[in-house]
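With chain A's structure known, arrange chain B on it following the hints.
Line order of the protein sequences matches chains A and B. The opening position of the first sequence corresponds to residue 58 in my numbering, with each subsequent residue numbered one higher. The opening position of the second sequence corresponds to residue 58 in my numbering, with each subsequent residue numbered one higher.
Please keep in mind that the hints were generated in silico from the structure rather than gathered at the bench. Just so you know, these numbers come straight off a predicted model, no measurement behind them. Beta carbons: idealized from backbone N, C-alpha and C, even for Gly. Hints may be right or wrong, so weigh each one.
Covered stretches of chain A, as calculated for chain B (at least 3 residues, CB under 8 Å) [what the hints assert, rightly or not]: (1) 118-127; (2) 158-165; (3) 217-229; (4) 528-542.
Okay, here's what each chain looks like letter by letter:
2 protein chains.
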Amino acid sequence: MLRTHTCGELTKANDQQEVTLCGWVDRVRDHGGGLFIDLRDRYGRTQVVVGESSAAEVMDTAGKLKSEFVISVTGSVRLRPSGQENPKITTGDIEVNASDVKILNEAKTPPFVPGQKDLPNEDLRLEHRYIDLRRQKMQDTLVLRSRIIKSMRDYCAEHNFIDVETPILGRSTPEGARDYLVPSRVHHGKFYALPQSPQIYKQIMMIAGYDRYVQVARCFRDEDLRADRQPEFTQLDMEMSFVDSDDVIGMIDGMMEKLAKEILGIELQLPLPRLTYDEAMTRFGHDAPDMRFGVEIVDLTEIAKKVDFRVFKSVAESGNFVRAICAPGGASVFTRRRIDDLTTFVQEDFGAKGLAWFRVEEDGTLFSPIAKNFKPEELEDIKAKMDANPGDLIMIVADTWETSCKALYALRKRIGSELKLYDPETMHFSWVVQFPMFDHDAESDRWNAMHHPFTAPLDEDLETLDSDPGKARAKAYDLVINGYEAGGGTIRIHDSQIQSKVFGLLGLDEKDAKERFGFLLDALQYGAPPHGGIALGIDRVVMLFSNLDNIRDCIAFPKTQKASDLMTEAPNVVDKIQLEELAIESTVEELPEEDA
Amino acid sequence: MLRTHTCGELTKANDQQEVTLCGWVDRVRDHGGGLFIDLRDRYGRTQVVVGESSAAEVMDTAGKLKSEFVISVTGSVRLRPSGQENPKITTGDIEVNASDVKILNEAKTPPFVPGQKDLPNEDLRLEHRYIDLRRQKMQDTLVLRSRIIKSMRDYCAEHNFIDVETPILGRSTPEGARDYLVPSRVHHGKFYALPQSPQIYKQIMMIAGYDRYVQVARCFRDEDLRADRQPEFTQLDMEMSFVDSDDVIGMIDGMMEKLAKEILGIELQLPLPRLTYDEAMTRFGHDAPDMRFGVEIVDLTEIAKKVDFRVFKSVAESGNFVRAICAPGGASVFTRRRIDDLTTFVQEDFGAKGLAWFRVEEDGTLFSPIAKNFKPEELEDIKAKMDANPGDLIMIVADTWETSCKALYALRKRIGSELKLYDPETMHFSWVVQFPMFDHDAESDRWNAMHHPFTAPLDEDLETLDSDPGKARAKAYDLVINGYEAGGGTIRIHDSQIQSKVFGLLGLDEKDAKERFGFLLDALQYGAPPHGGIALGIDRVVMLFSNLDNIRDCIAFPKTQKASDLMTEAPNVVDKIQLEELAIESTVEELPEEDA
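With the rest of the complex left out, here is chain A (with noise of 0.2 Å):
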């Protein structure tokens, strides 16, 4: 090795020591009577003195230092003078006294620099990856991908899960999103597609008899992009034989106890909740609740058929409903002005008809524009039911159920936020278990699988697939932290009786049924455990886990929002032949001067 230590790890006890250490320049001080060169690597930093005692051509060398250079210095180790010690650095009591400073490689002066405190425009930062990457922040949230994806796998390892890796270059699949193809060279005319996700594999491997299936899998959708999603994003797959729902959910739990005590320190307390759907629906208006504070939903429906107001009994009347929120502290923080700003905010964005309201006052009072058309007992009742006080502002929503679910959703997530209603270091695990089996499409009054088609419904729920497929219960599971679904997975339909009454249900016959899924249904048939799974989102959970809101910024090379690698140039233009040897033509007459 070129060096004897690392930035890292000097410390007193090192003290007189002779050492060799190779790093980048972070800083180079001058101090009157030398330089101090503060040296960076991955695992610290190390205050390096040049003066006195050097010899004048080591002077001279650090004399032509700048910011990124990579050298390598010989010298030794002593105590900081009593007084200069840095206490935040694990260096922090040691510096190098240089005999030697040996130039590795020069560096232009780079767009920006790592240490930097505001932050260049994302695009400039992807485009120098190299740069961006050396930040601390990046360096600390790559390590702890790393750590978070080893434990995962440990984890697996321990519990008997056998490590498979699946095809890249599979088969288009007519089902789900749109996906990337592979043109084919040995055929032409035909096509691979990356997968969506390992799903037919993974099944597959369990009708094999693997009992215990993982992989950390690349899956590919050619998707428009949304601030959290990629092109290509990975996932912890996994599926299990001869287990019901609770063994999956079971598995994880253990994972993420382990995972938060290994990666965070703290101690879950197992089992993690677990919520209904219908439940988490009720209570929080979501399927992935953050639930990391309080301000439940709550109903007032029956309060509001009693009432004279026309708005809310009307709604109530009609079999929809009056559901709200109280806001703690929130009279002072909520203004007129910005209660306004709420209501255009749920009319807008989620087509709620109005947004109606009431400040507890001091004396306990309700105030509210429309406080006039309530008699003082039915006041009391709706405080009573919010169990609101003083300075809190209770939020109502009349209207249907789905949209007073999305309004009230959205509503309690800015209140937790703009109110400060939780630390955001926390973290709040959950399960939503029970989702439903199937979505009704109004437009073409048919049943899709809100899964996929191979779930199964709960046991209890099988007659209701003949009787009311909209209440029928599946199989289903998703892991929510601090309100993402983190992860997601089912019990897959073993019994081909019971498929075939699912596929009925979508509208599928044998024969598409076997157009879209043939060689998995061939494959059923040949002797199929009752098996599930779940997959997690790695990148996501890295986010959450890093405290970071950007994705991107938890992915070594991440794609823009316009599915463009910046470094790279990716995608690009290629040679007419090899378009030529894979039987393709380009359709585009002329490339926009400028499209990446």
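Same frame as chain A, but now just chain B:
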């Protein structure tokens, strides 16, 4: 869980215990009063007895069982009757007396049975991969693969490597093998390429200061496939900063020691033997020699110069070589007829002019059709130089250096295997180092990089770059296991002057270099540390550790030599609309009926 135990864990210690097992029916045997069911899962096999004490309906269910049915069995463990124990399996002392048998899933009669002795043809196995994957050897291999990868990752984590995922959707480079392309939907007319290796990304990670990088990386090459090549393959990809060749080699030495111990239970002696490239060619005629046995190449050129035998003399005097190997005990195995076969073999496959041979007779004399051309003392010289004994067969190739290397390497390989000169279960690990920097392409009279254009020359050969580039040796190293290249790597150039010189030798001016390696060259200017790395071929390592000779048997879902997946029928046709969205057209008018 639907089971209390797996099929591989019940022993005497569980006697009288009430258990539930799940698994596949491996075999049902009718033993008069009842049925013996061999129940199988990944963990083992357990004998289940249905009879005497079982209820009629249980008997009834058991009567319906066929091979590969999935069942659950509840019953009590009891010792097998004395004399009926099976010491070959863990559960051989017990059986389960079934009180209940449930059919969890039926199975159609499979096209072949995982337990059958003669494997059906490979296409049928690949088409029904879920059956083939049930074979014991397949399961053992995939479990071994999972363990090998786990062990490698653990080792890397212990040594501070960070596991970083690099993109699959990358940019096409005009270098190396043919790329798989992925048309972009967002940027019409542009394409991503699947990575042939993460080479450039891992160098970027070093420039970004990550110090030690590792990834189990999927790589892609759209080349015509050989028996041990796949369109997608997996490599353990590593890179380290502030290192020289010895550091990387030492790191892998340690990894091999750990693997050999954990996976094979053998102790490796470290450091692993290292041969220079020159030595490997001189002694074995190849840069990846099988060192499980001796039979080294002996150079007889000096002797040949002195003899009257025209064929040898003229070759030796023209600056070419007379080289030989001695097959111990080969005289009786290689009859005249078989020697004729070998002669045709070296002539037709390697362009050798011929094969001369001497048989060492019982009395120590050399017999050969050409013996009459040699004086007795010359024959004695040859025998002594070859260290040949009665019963041995000496085979001689008089030719150019290259041809004699190729022919003798191939002969040595056949001799080793046909004379069983080594135990096929042994493993031999070694390094070949100091490869030449350049290959000379006679046709274009140009130098090609033997590894890649970023490979650093040996420090002592820096001047040779100018004076005699063909003699310059590289900081390059290959790991060789049992005569296979299991991995290879290099130290990279980090000095821009040396890089320019190498580009110059390769005939690349600054503009060409920029076009081909643009962003890496940019990155190298912003503070690149000395760095180097290696990539190990995981599919091949698994093949060698499993003592298999077909790489497809080491991969869960491999492709055929025509790059097809016979189970999913990938690649396949796609909807026209998919191509339209990607702004490409297939130039194939009509697909052949059956071209997969």
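Worksheet entry | Unsatisfied constraints (hint numbers, rising) | 4
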